Amino acid sequence: MSAEHTATVSTPSDLETVAATPGAAKPNPILVADHVVRRFGGMTAVDVDHLEVQEGVITALIGPNGAGKTTFFNLLTGFDTPNTGQWSFQGRSLTGKGGAAVAKAGVVRTFQLTKALGRLTVLQNMLLASPTNPGEKLGLSWLPFVWKKHEAEATEKAMEILSRFKLDAKASDYAGSLSGGQRKLLEMARALMTDPTMIMLDEPMAGVNPALVQSLLGHVQALRDEGMTVLFVEHDMHAVRHISDWVVVMAEGHIVAEGPPSTVMKDQAVVDAYLGAHHDTDLGDDSLLDPEVLARLEAEEENR
Amino acid sequence: MEEFLRILTLSVGEILAPTTAAYAMAAIGLNLHFGYTGLLNMGQAGFMLLGAYGFGITLTLGGPIWLALLIAIAAGVVFALILGMPTLQLRGDYLAIVTISAAEIVRWFGRSTLWQEWTGGASGLQGRYYKDPFHALSPLPEGRWALGPLEYINTGSDSWFTRIFAWGLVALVLLFVWLITRSPWGRVLKGIREDEDAVRALGKNVYSYKLQALVIGGAIGALGGVIYAIPLAISPDAMGRTMTFFVWTVLLLGGAATVFGPVLGAVVFFTAYMFMRTGMRAVSENTGVGEFISSTNVEQIGGMLVGITLMCLVIFRPQGILGNKKELAFNVR
Chain A
1 MSAEHTATVS
11 TPSDLETVAA
21 TPGAAKPNPI
31 LVADHVVRRF
41 GGMTAVDVDH
51 LEVQEGVITA
61 LIGPNGAGKT
71 TFFNLLTGFD
81 TPNTGQWSFQ
91 GRSLTGKGGA
101 AVAKAGVVRT
111 FQLTKALGRL
121 TVLQNMLLAS
131 PTNPGEKLGL
141 SWLPFVWKKH
151 EAEATEKAME
161 ILSRFKLDAK
171 ASDYAGSLSG
181 GQRKLLEMAR
191 ALMTDPTMIM
201 LDEPMAGVNP
211 ALVQSLLGHV
221 QALRDEGMTV
231 LFVEHDMHAV
241 RHISDWVVVM
251 AEGHIVAEGP
261 PSTVMKDQAV
271 VDAYLGAHHD
281 TDLGDDSLLD
291 PEVLARLEAE
301 EENR
Chain B
1 MEEFLRILTL
11 SVGEILAPTT
21 AAYAMAAIGL
31 NLHFGYTGLL
41 NMGQAGFMLL
51 GAYGFGITLT
61 LGGPIWLALL
71 IAIAAGVVFA
81 LILGMPTLQL
91 RGDYLAIVTI
101 SAAEIVRWFG
111 RSTLWQEWTG
121 GASGLQGRYY
131 KDPFHALSPL
141 PEGRWALGPL
151 EYINTGSDSW
161 FTRIFAWGLV
171 ALVLLFVWLI
181 TRSPWGRVLK
191 GIREDEDAVR
201 ALGKNVYSYK
211 LQALVIGGAI
221 GALGGVIYAI
231 PLAISPDAMG
241 RTMTFFVWTV
251 LLLGGAATVF
261 GPVLGAVVFF
271 TAYMFMRTGM
281 RAVSENTGVG
291 EFISSTNVEQ
301 IGGMLVGITL
311 MCLVIFRPQG
321 ILGNKKELAF
331 NVR
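Each protein sequence line maps, in turn, to chains A and B.
Heads up: the first sequence runs through residues 1 to 304, numbered per this note's numbering.
Heads up: the second sequence runs through residues 1 to 333, numbered per this note's numbering.
Just chain B, with the same shape it has in the complex (with noise of 0.2 Å):
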C-alpha cells in the first residue's frame, strides 16, 4: 500500500513536471505546423536541441537572461528559415525527411568535439554553468513548500520556481497561439493544411504562410528546449528521435488543431507513462513477475508500450481526447 501510494504519488508529480511543461510547449509548437498547417515536421527535438543550446551557452558565456531566451528564439527561427526556405515549395513529404535528418545533424553537431569548447561535446553542457542566473531571478524565499503529497524546493533544478516559471511561459505561448490562430491567419492555415492548390487559387501566398507557420512553431520548439534544459543539463542524445517521436504522441494524444490538446496530452502521457514504468518496477521487483521481466528491463519495454500507443492513436482515435471527430472524420487524404 505504502509503495502504491508512492508510485501515485510520483505519477501526480508529473502533472506540474518542467518536463512536462516542456513537451507542452514543444507539441504546442508542433500543433502550428502539424494539426493547422499540416506540415510534416518530424524533427521537433532538434527545434528544442538549438533552443537549449542557445540559452544555455548564452547565460554560460555570462550573457543576460533575456538576451538567452532571445538567442533561443532566434536559434528555432533560423532553423525553420534554412529548412522550410528550399522545401517548403515542394510536397509536404520533403519536408518531413529533411527536418528528420537536419534534426539529427544538429545532434551530431552538438556532440562533436567541433564545438566541444561551447556545446560540451558529447557529455553536453551541465546544468551548473548556466543555472545560477535563472535562480538569482527567483522571488520566492529560501526552503521548501508542499501542496498536498508534493514538496519541492523553492528554488532551484527540481523547484517550485522552475516550475512556476516552465507553466508560466506555456500559459503566455498558449495564450498568443490562441490569439493567432482563431483569427482569418489561422483560418488560412487550416486551409493550407486541406488545400493549398485550392487558397493559392483564391490569391494567398501559401508558401508564405508555411515559412510563417514553421517558424513560429520552430520558435515555439525551441522555448520548449529552454524549458527542458532548465532543470536537467544540455544533452544532445537525450533530445534525439525519441523526443521527437514523444512530442508527436503528446500531440495526437490531446488533440491535433485544438489550443489545449498539446498541454493536456503532455500532462496525461507523463502521469500514465510514469505510473507505467514506476508501476511495472515495483510489480518486477516484489513479486514473480520479475524472472520474467527484469526491473532493467522495464525503460525499453516502456517506450515499446508509447510506440504502440502511438500507432493506436493514429488508427483508432486520430482526433485524440480533445478533437473534433467530425473535423477528421472528413479527411480525404
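Pulled out of the complex, with its shape left as it was, chain A reads as follows (with noise of 0.2 Å):
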C-alpha cells in the first residue's frame, strides 16, 4: 500500500519506523492501553502490560486458541470488566466504561459468533444503528413528525452502505434468513451505519466461504482507505497477511511480539507460540491425510 492515495495524517508507511517489539510506540497511536488484567479465577487469561495501536491502520490481533485476545477484545470495548488496567480511545480514558458509552465514543464492534437480529428486516438492522435519532427518546418516538426526517436520511445512507456490501435485495428479507456469511457483511455495514472511528472485528472471516473472504477483505482495506482504523482478531493466516497493516501476537495473555506481518511470522516466539514449525504446510494438501506423512511432521515436531 502506497502512502499518496489516503487523505488521513498518518499512513501505513508510518510504521517503517516502529520497532518491532512488543509494546513499542506509534508515532500516532489512537488507542493505548496499560497494565490491563482479568484473571477467571486462578487463571490469568490477559496480562497486557502496553500497547499501542496506529491510527488509520489495520492492526491483526492473532495468538493460539485461549492466548486471550476475545477476552481483550471484550474489555477493550466494555463488555467485560478487568481486574486492573486503563486504556484510552484518542486521549480520553474508556476505563470502565460499558460497551454502550464505548460505542459512543466512536469505537465499534462486531462479534466472533454474529449478532445480525434475526427478527429484524435487513433494513431495520441497519437503521437501529444509526447514531442520535431522536426517535429514539421514549418523549418523542409517539411524534412521527420529529423524527421522520432522520429516519428518511437514515435509510438513504443505509441503502448505500447495503449496496456497497451487494446486500441491498435483501433490505426487506429477515436477518435471520441470511446465510452465514451474509450475516457478517451485515454486521460488517451495520456498524458502519455508526460512523465510527475505530472498527473492532471479531474473526470477521470465521465460517465465511473463501469467495467471499476475499470480497470481505476488500472491504476491510476499504475501511482503512476511509480512514478508519481497524483492530480485528483473526485466525486466518491469509487474511492476516494480506491485509494487516501491523500484527500483533498474543499468547498466554502476553503480547509476546509485533511487527509487520511480513517480518512478524519469522519471529521465534511467534513461530512457537502460535504457528508451530510447519506454518508453511498447506492444511489443504491431501498427503496430510497419509499417515506416514502425518507421522514423520509429528516427529519432526517432537525433535524440533
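A few of these clues could be false.
So these bits of chain B aren't anywhere near chain A, every CB distance computed over 12 Å [to be verified]:
| # | residue |
| --- | --- |
| 1 | T9 |
| 2 | T60 |
| 3 | I100 |
| 4 | S138 |
| 5 | L140 |
| 6 | E142 |
| 7 | F176 |
| 8 | D195 |
| 9 | D197 |
| 10 | R277 |
| 11 | F292 |
| 12 | L305 |
| 13 | I308 |
| 14 | I315 |
Some chain B residues close to chain A (C-beta under 7 Å, calculated; not the full set) [stated by the list, open to error]:
| # | residue |
| --- | --- |
| 15 | W185 |
| 16 | V188 |
| 17 | K190 |
| 18 | E194 |
| 19 | A198 |
| 20 | L202 |
| 21 | K204 |
| 22 | Q212 |
A few chain A residues facing chain B, derived, Cβ under 7 Å [what the hints assert, rightly or not]:
| # | residue |
| --- | --- |
| 23 | L128 |
| 24 | L138 |
| 25 | S141 |
Simulated from the structure, these hints should not be mistaken for lab results.
These numbers were taken from a predicted model, which means no experiment stands behind them.
Every residue gets a Cβ at the ideal spot worked out from N, C-alpha and C, and that includes glycine.
With the hints as a guide, bring both chains together as one complex.
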C-alpha cells in the first residue's frame, strides 16, 4: 500500500520506523492500553503490559486458541471488566466504560458469533445502528414528525452501505434468513452505520466461504482507506498476511511480539507460540491424510 | 335449545365484559415486556393488584378519581422500578424469578392483617367503598339498555358505563402503544429482544430501554388491575399466579409483538372459556356425563384445559392468531 492515496494524517508507511518489539510506541496511537489484567479464578486470561494501536491502519491481533485475544477485545470494548488496567481512545479514558459508552465514543465492534438481529429486517438492522435518532427517545417516539426526516436520511445512507456490501436486494428480508457469510457482511455494514472512528472485528472471516473472504478483505481494506482504524482478531493467516499493516501476537495472555506481517511471522517467539514449525504446510494438502506423512511431521515436531 | 341459546348469550357477553377488557389491558402491558423487549415478566398479576389497591384505597379515602388513576399508575411504575433496577442488569431469567415472587409478596402483604385497615386483609376491599364516585361520573341516563341479546343496566357494577370506560381506556392505551412501538424507540426494543449485546455494541443504553419498557408495561398492567376491580371487589387471592398465567395465555393466543393481539386474544379466550365452562356444566347437569364429571368439577377442568391450551399454543403456534409466522420462524433462542 502506498501512501499517496490516503488523505488521513497517518498512513501505513508511518509504521516503517516503529521498532518490532512488544509494546512498541507508535507515531500516532489512537488506542493506548496499560497494565490490563483479567483473571478468571486462578487463571490469568489477559495480562497486557502496554499496547498502542496506530491510527488509520489495519492492526491484526493473532495468537493461538486461549491466548486471550477475545477477552482482551471484550475488555477494551466494555463487554467485560478487568481486574486492573486502564486504556484510552483518542486521549480520552475509556476505563470502566460500558459497551454503549465505548460505542458512542466511536469504537464499534462486531462479534465472533455473528449477532444479526434475526427477527428484524436487514434494513431495520441498519436503521437501528443510526446514531442520535430523536425517535429513539421515549418522549419523542410517539410524534412521527419529529423523527421522519432523520429516518429518511438514515434509510438513504443504509441503502447506500447495503449496496456496497451487495445486500441491498435483501433489505426487506428478515436478517434471520441470511446465510452465515451474509450475516457477517450485515454486521460490518451495520457497524458502519454508526460512523465509527475505529472498528474492531472479532474473527470476521470465521465460517465464511473462501469466495466471500476475498470480498470481506476488500471491505476491510476499504474501511482503512476511508480513514478508519481497524483492529481485528483473526485465525486465517492468509487474511492476516494479506491485509494487515501491523500484527500483534498474543500468547497466554501476554503480547509476545509485534511487527509488520512480513517479518513478525518469522519471529521465533511467534513461531513457537502459535504457528508451529509447519505454518507453511497447506492444511488442505491431501498428503496430510497419509498416515506416514503425518507421522513424519509429528516426529519432526517432537524433535524440534 | 333454550339452554344452548343461554350459553351462547353468556359467551357472547364475554366479548364486551369488563373483565375481558382488564385482561386485554394487562396483556398489552405484558406484550410490551415480552413481545417487544423479550422481558420475562411472570408477575403481571402483582402489577394489576397494586394498581387495583392504588385505585381502590385512594377512592375509599375520599380522593378524586383522577388522583386514584394516577396513584394506580404510580404504583405500577414504582413496582417496576423496584423490580427492574437490580435485575435488568442480569440475565433475563432473573427477572422472571423476581417478578413471580414479588407478585406473590404483594398478594401476601395484601391479605395479611398488617395493613388490614386499608387493604381489607384476606377478604379484600369491598366494591361499595370505592364504586360510588366512579358511578357518579356516568353521563348515561337511569335504566337499562339492550344490544341484541345483551342487556345491562346503564350505570352500576356490571353496566354499560363500566364497559364503555374499560374499553375506552383500552383503546387509548392501545393507540399509545401502537405509536411508541412503531417508532425507532420500538425498533430498539425489538433489537434488545433479539440480542441485547448487539444493541449495546451500537451505542444504545440497553438497561435504560429495558427499564422504560418494564415501567410502561407495568403501569399498563396496573391500569388493567383498575379495570378488573371496577365491576368486582379487590380480593388479593383472585389476583395471583392464575391471573398471571391467564394473561400470558391471552397474549400468546392473540399473538405477541402484534398491536391487536392482546385484545383479540382476550376476546377469544374469555368467549371460549365461558362457552366451555357453561357448556360443560349444562352437559354435566342434563346428561349421563354428570355421573363422571360433577358440575362442581367443571371449574377445575376448565383451569386444566387453559393450561393445556397454553402448552399447545407455545408448541404448535407460538406466533398466536395474529403473529407473523416469519418473524418467529427464526427465533434461535
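Evaluated hints:
With a closest Cβ-Cβ approach of about 40 Å to chain A, T9(B) is found to remain outside the 12 Å limit, as its non-interface label requires. Residue-level check passed: T60(B) sits 33 Å from the nearest beta carbon of chain A, beyond 12 Å. Look at I100(B): its CB is around 26 Å from the nearest CB on chain A, clear of 12 Å, so calling it non-interface holds up. With a least beta-carbon separation of about 30 Å from chain A, S138(B) lies farther than 12 Å from that chain, consistent with its non-interface assignment.
Interface exclusion of L140(B) from chain A stands, the closest Cβ pair being 31 Å apart, more than 12 Å. Residue placement check: E142(B) keeps its beta carbon more than 12 Å from all beta carbons of chain A (closest about 39 Å). With a least CB separation of 7 Å from chain A, F176(B) falls inside the 12 Å interface cut-off, contrary to its annotation. Listed as a non-interface residue, D195(B) fails to keep its Cβ farther than 12 Å from every Cβ of chain A; the least gap is roughly 5 Å.
With a least CB separation of 6 Å from chain A, D197(B) falls inside the 12 Å interface cut-off, contrary to its annotation. With a minimum CB-CB distance of about 36 Å to chain A, R277(B) clears the 12 Å threshold, and the non-interface call stands. The beta carbon of F292(B) is kept farther than 12 Å from every beta carbon of chain A, the shortest such distance being approximately 46 Å. Under the 12 Å C-beta cut-off, the non-interface status given to L305(B) relative to chain A holds; the minimum distance is some 31 Å.
The claim that I308(B) is not at the interface with chain A holds, since no C-beta of that chain comes within 12 Å of its own (minimum 27 Å). For I315(B), the non-interface assignment is confirmed: its Cβ lies about 19 Å from the closest Cβ of chain A, beyond the 12 Å cut-off. Given hint, W185(B) at the interface with chain A, holds; its Cβ is 4 Å from that chain's nearest Cβ, closer than 7 Å. The interface hint given for V188(B) holds, since its Cβ lies 6 Å from the closest Cβ of chain A, which is under the 7 Å cut-off.
With a cut of 7 Å, the hint placing K190(B) at the interface with chain A holds, because the nearest CB-to-CB distance is about 6 Å. Given hint, E194(B) at the interface with chain A, holds; its Cβ is 4 Å from that chain's nearest Cβ, closer than 7 Å. The beta carbon of A198(B) is positioned within 7 Å of a beta carbon in chain A (closest approach about 4 Å), and the interface hint is therefore held. The closest approach between the C-beta of L202(B) and any C-beta of chain A is roughly 5 Å, which is under the 7 Å cut-off, so the hint is satisfied.
Taken as an interface hint, K204(B) checks out: its beta carbon lies about 6 Å from the nearest beta carbon of chain A, inside 7 Å. Interface hint at Q212(B): satisfied, since its Cβ lies 5 Å from the closest Cβ of chain A, which is below the 7 Å cut-off. Hint status for L128(A): holds, given a least beta-carbon distance of 5 Å to chain B, under 7 Å. For L138(A), the shortest C-beta to C-beta distance to chain B is roughly 5 Å, which falls under 7 Å, so the interface hint holds.
Nearest Cβ of chain B to the Cβ of S141(A): about 4 Å, under the 7 Å cut. The hint holds.
When the structure is compared with the earlier hints, violations turn up for hints 7, 8 and 9 and for no others.
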